[in-house]
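For the sequence shown, position 140 matches number 123 in our numbering, and the numbering has no gaps at all.
Simulated from the structure, these hints should not be mistaken for laboratory data.
No residue lacks a Cβ here, since even glycine has one placed at the ideal position from N, Cα and C.
There may be inaccurate statements among the hints.
Stated by the list, open to error - Restraint-style ranges between C-beta atoms, simulated for each label pair: (1) Val155 - Gln205: 18 to 26 Å; (2) Gln256 - Gly166: 43 to 51 Å; (3) Tyr259 - Pro21: 28 to 36 Å; (4) Ser165 - Leu281: 43 to 51 Å; (5) Val155 - Phe108: 40 to 48 Å; (6) Pro225 - Val140: 38 to 46 Å; (7) Leu287 - Pro225: 28 to 36 Å; (8) Arg98 - Asp245: 14 to 22 Å; (9) Ser165 - Leu128: 47 to 55 Å; (10) Asp171 - Asp107: 17 to 25 Å; (11) Glu203 - Arg59: 40 to 48 Å; (12) Arg163 - Gln205: 39 to 47 Å.
Unchecked claim - Restricting the straight-line Cα-Cα distance to at most 30 Å, the calculated cross-link-like pairs of lysine-lysine (DSBU-like) are: (13) Lys111 - Lys132; (14) Lys253 - Lys111; (15) Lys284 - Lys132; (16) Lys284 - Lys253; (17) Lys253 - Lys132; (18) Lys284 - Lys111.
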Amino acid sequence: LRGCPRAAAAPCRRLGGAAGAVPSAVPSAVPSAVPSAPRPFNQVPGEWRAGWLNLYRFWREGGLSNLHLSMASKFRRFGPIYREKLGAYESVNIVSPADAAALFQAEGALPERFRVPPWVAYRDFRNKPYGVLLKTGEAWRSDRLLLNKEVLDPAAVPGFVPLLSAVGEDFVRRARAQARHSGCWSGDFSQELFRFALESVCHVLYGERLGLLQDFVQPEAQRFIEAVSRMFHTTAPMLYLPPALLRHLRSHTWRQHVQAWDAIFYQADKCIQNVYRDLRLRRKSRQEHVGILGNLILRDKLPLDDIRASVTEMMAGGVDT
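Working from the sequences, and respecting the hints, build out all of it.
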């Protein structure tokens, strides 16, 4: 459930062939009648008997771009728990915070997280290791415990503040300048927020600015922006259509997805090289934050390929969040 990309925001955990999810938008009206005893799985209300027909309707109604509205409508229709099958994907969706808490409490030490199918397919196709978002079992737990110290430990958080503040101040200055120039914001504000998120996350992860908020964005940085955007865009349809099928058909969606991840990993490799160079030449003092990537390299507790995989996945999850 935690940290899933928006493309996977609804179904985020498999439970016996299904999934559970907590949407961000809670519907205003949810039927309150709750049975006193648990129902059998085949009695969970919802639309799960005709997966491909459901997917066609979902597509016709614009569900891919309005997933939150589709889910809110179904919660009002079926109640606080409903089951759904869209194409090859089956899920159980929950809206109650109490139900979400019960789910987390029942997970145990090795929870099963949603493994985004096209992301897994790309890594298998390119023979790349999984990062912390895609690993399972003890491998996930081991990496997560190490990453917690760099990402979630309260002692580590103050080091992120100057990095995030610098990007935030630049974004506000950019917004004010545009507003003064034309009296209002002109252009696609969501695209500006996307650039702000990407610049912020990469500054924390890599310890360097990519220049995504400048009036003139360098061509290489622009290609990175487009690659991340394309990766998310091509992820959505492959949540419901098997990536293996699209790969076999050499579909445009699959080829675009591969090209996008190739560009993202190319950028990650470049950042790793920059961090290595800075650490070797001691261009940054011990008081400066070298980014999560730099700290992981200094700790030397994870193989470099695993570091690259996890940092790249954290970038994707962080931008979406």
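Right, here's what the structure says about each hint:
The given range of 18 to 26 Å is respected by Val155 and Gln205, whose C-beta atoms sit roughly 22 Å from each other. Checked against the hint of 43 to 51 Å, the pair Gln256 and Gly166 passes, with Cβ atoms roughly 44 Å apart. Between Tyr259 and Pro21 the beta carbon distance is about 54 Å. The supplied range of 28 to 36 Å is therefore violated. Look at Ser165 against Leu281: about 46 Å separates their beta carbons, and that is inside 43 to 51 Å.
At about 41 Å, the CB distance of Val155 to Phe108 agrees with the hint of 40 to 48 Å. The given range of 38 to 46 Å is respected by Pro225 and Val140, whose C-beta atoms sit roughly 40 Å from each other. Between Leu287 and Pro225 the C-beta distance comes to about 32 Å, which sits within the given range of 28 to 36 Å. Distance hint for Arg98 and Asp245: a CB-CB separation of about 20 Å, consistent with the stated range 14 to 22 Å.
With their beta carbons about 50 Å apart, Ser165 and Leu128 fall inside the hinted range of 47 to 55 Å. For the hinted restraint 17 to 25 Å between Asp171 and Asp107, the CB-CB distance of approximately 34 Å leaves it violated. Between Glu203 and Arg59 the beta carbon distance is about 47 Å. The supplied range of 40 to 48 Å therefore holds. Restraint check, Arg163 to Gln205: a C-beta distance of roughly 25 Å breaks the suggested window 39 to 47 Å.
Between Lys111 and Lys132, the direct Cα distance comes to roughly 25 Å. Compliance with the 30 Å bound is thereby established for this hinted pair. Restraint check for Lys253 and Lys111: satisfied, since their Cα atoms lie roughly 17 Å apart, inside the 30 Å limit. Between Lys284 and Lys132, the direct Cα distance comes to roughly 12 Å. Compliance with the 30 Å bound is thereby established for this hinted pair. Distance restraint check for Lys284 and Lys253: the Cα-Cα separation of roughly 21 Å lies within the 30 Å cut-off, and the hinted pair is therefore satisfied.
For a cut-off of 30 Å, the pair hint linking Lys253 to Lys132 stands: about 24 Å separates their Cα positions. A C-alpha spacing of about 19 Å is found between Lys284 and Lys111, which places the hinted pair at or below 30 Å, so the restraint holds.
Violated hints for the displayed structure, listed by number in ascending order: 3, 10 and 12.
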